[in-house]
Amino acid sequence: MNRFLSIIFILFSISLPAISYEEDFIVEKFLSEKDLEKPFVNDNYNYQDTNIIPIRLKIIDSIKSEQDIYEGQVLKFKLIEDIWDQEILLLKRGTICTANVETIINNGMNGIPASIILGNFQIPNIDSNKLQSDYEKYGMDLSLIVFPLKWALTILPPTGSLTNFIKGGHAKIKNKDIITIKYFSN
Amino acid sequence: MVLFFSIVFANFVWANDEVLIEEQSIQTKINNCGLKILNANKIQKRVVFVYENKDKESILKSNDTLLNREVILYDTKYKNIENEDELAAFLSREIVTAVRSYDGIANGFLRSMQMKAAPKKFEVVADKRAVDYMVTSGYNPIGLITYIQKTSPQKKQDLVSFHNLTSKRLAIIYEYIYTKYPYYLKENPYLYSESYQNFLLTSINNRKKLEEKIKTNSKDKVKYE
Chain A
1 MNRFLSIIFI
11 LFSISLPAIS
21 YEEDFIVEKF
31 LSEKDLEKPF
41 VNDNYNYQDT
51 NIIPIRLKII
61 DSIKSEQDIY
71 EGQVLKFKLI
81 EDIWDQEILL
91 LKRGTICTAN
101 VETIINNGMN
111 GIPASIILGN
121 FQIPNIDSNK
131 LQSDYEKYGM
141 DLSLIVFPLK
151 WALTILPPTG
161 SLTNFIKGGH
171 AKIKNKDIIT
181 IKYFSN
Chain B
1001 MVLFFSIVFA
1011 NFVWANDEVL
1021 IEEQSIQTKI
1031 NNCGLKILNA
1041 NKIQKRVVFV
1051 YENKDKESIL
1061 KSNDTLLNRE
1071 VILYDTKYKN
1081 IENEDELAAF
1091 LSREIVTAVR
1101 SYDGIANGFL
1111 RSMQMKAAPK
1121 KFEVVADKRA
1131 VDYMVTSGYN
1141 PIGLITYIQK
1151 TSPQKKQDLV
1161 SFHNLTSKRL
1171 AIIYEYIYTK
1181 YPYYLKENPY
1191 LYSESYQNFL
1201 LTSINNRKKL
1211 EEKIKTNSKD
1221 KVKYE
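Line order of the protein sequences matches chains A and B.
For the first sequence, the numbering used here gives the first residue as 1, with consecutive numbering after it.
For the second sequence, the numbering used here gives the first residue as 1001, with consecutive numbering after it.
Read the hints as simulated data drawn from the structure, not as lab findings.
The beta carbon of each residue, even a glycine, is placed where N, CA and C say it ideally should be.
One or more of the hints may lead you astray.
[Said to hold, decoys possible] Mimicking DMTMM-like on lysine to aspartate or glutamate, the simulated pairs with C-alpha atoms at most 20 Å apart in a straight line are: (1) B:Lys1209 with A:Glu28; (2) B:Lys1121 with A:Glu71; (3) A:Lys34 with B:Glu1211; (4) B:Lys1209 with A:Glu136; (5) B:Lys1079 with B:Glu1018; (6) B:Lys1186 with A:Glu23; (7) B:Lys1121 with A:Glu136; (8) B:Lys1120 with B:Glu1225; (9) B:Lys1219 with A:Asp68.
[As the list claims (entries may be wrong)] Derived contacts from chain A toward chain B, CB cut-off under 10 Å, selection only: (10) Trp84; (11) Ile112; (12) Glu136.
Kindly produce the complete structure, drawing on both the sequences and the hints.
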């Protein structure tokens, strides 16, 4: 009897519709062993006091073009002045800090410039969650010339379309460029 | 006869009230979510949110997000939003565009023109920044993947197109989350949802490419398909 019931049970189990879920092999291989913390969530804001301190930085090694860097690269900067919060000295001039290259946009047609978006600024003694999240540096914007030129040439087709091939400038960050990011101290 | 017309009229008014109350509740939900994203991300630019129950989108219609910094959520899109994360995903993407339109010459006029002329370039930036906005305001960025998976069609190619292939966008978002916010991939409540499962199924090749990049520690951009 038991044998009969077991066979019935096995046959029943086999005949059930199979529901198989796809597991994420990237998570299984690279993340499952890691102990990961939940990222910061800014849910305790209070904008009664909006004290914003500008932090001025300069890059240590210049970037000549967005083509010389890659997404995820860590860039080094140094502070160009002391940072004070009211009367408390937070950081001294020359302090080294870092940022990541988050996104690179290549220059495009119609004079649209390239741009480099930096994020994840890490400055000693400063809560990075209280910093402006990103900074974007553009190349030379030629679209201010290209768009009017294109419209002016529409009466002579197809010359207007030729302006499509004018490309915008490359994004550079020179070591004399001053980068200002906001620090929301409260 | 008078009684009959009175009943019909009362029914009509009641039905209209019900629609209005429902729309108001949706609008409140959208406002709360949108304003939370703006506040949590310390966005110092004004953006408003509108729920529109009739799809008035057309090619000729101007883009309100770029022009008026007004995010319009049409009911055709709202139908696909299953939870708060997906609502935040839609709003975050639009907020990125609206905020970007403030930037640059002539109070953002030129930047808006560029985004209109070459949306493909800015699409990826908007997706990545939307992930950041969602995380900072407490939403799960996987919601962006599930929302795009359900709503954006897959074109044949993107070489001669104003937009990237949806599969490519999804792979870039996935890589961005993997790099910056891996916690959400490990602790993923969407893993067994149908839309995320469908994403996993349709992104095997792209994720294999990412796997290769991680294994080899490569710094090159992955050529997703």
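Hints, one by one, checked against the model:
1. Between Lys1209 of chain B and Glu28 of chain A, the direct Cα distance comes to roughly 16 Å. Compliance with the 20 Å bound is thereby established for this hinted pair.
2. Proximity of Lys1121 of chain B to Glu71 of chain A is assessed by CA-CA distance (about 15 Å); at most 20 Å being required, the pair is judged to hold.
3. Restraint check for Lys34 of chain A and Glu1211 of chain B: the C-alpha separation of about 16 Å stays at or below 20 Å, so the hint holds.
4. Between Lys1209 of chain B and Glu136 of chain A the CA atoms are separated by roughly 28 Å; this puts the pair beyond 20 Å, and the hint is violated.
5. Distance hint between Lys1079 of chain B and Glu1018 of chain B is fulfilled; the C-alpha atoms sit about 18 Å from each other, no more than 20 Å.
6. As the CA atoms of Lys1186 of chain B and Glu23 of chain A are separated by approximately 11 Å, the hinted pair is consistent with the 20 Å bound.
7. Pair hint Lys1121 of chain B plus Glu136 of chain A holds up; C-alpha atoms about 14 Å apart against a cutoff of 20 Å.
8. Restraint check for Lys1120 of chain B and Glu1225 of chain B: satisfied, since their Cα atoms lie roughly 15 Å apart, inside the 20 Å limit.
9. Straight-line distance between C-alpha atoms of Lys1219 of chain B and Asp68 of chain A comes to about 12 Å, which keeps the hinted pair within the 20 Å bound.
10. The interface hint given for Trp84 of chain A is violated, since its Cβ lies 21 Å from the closest Cβ of chain B, which is over the 10 Å cut-off.
11. For Ile112 of chain A, the shortest C-beta to C-beta distance to chain B is roughly 5 Å, which falls under 10 Å, so the interface hint holds.
12. The interface hint given for Glu136 of chain A is met, as the beta carbon of that residue sits about 8 Å from the closest beta carbon of chain B, less than 10 Å.
Of the hints listed earlier, those the structure fails to meet are numbers 4, 10, in rising order.
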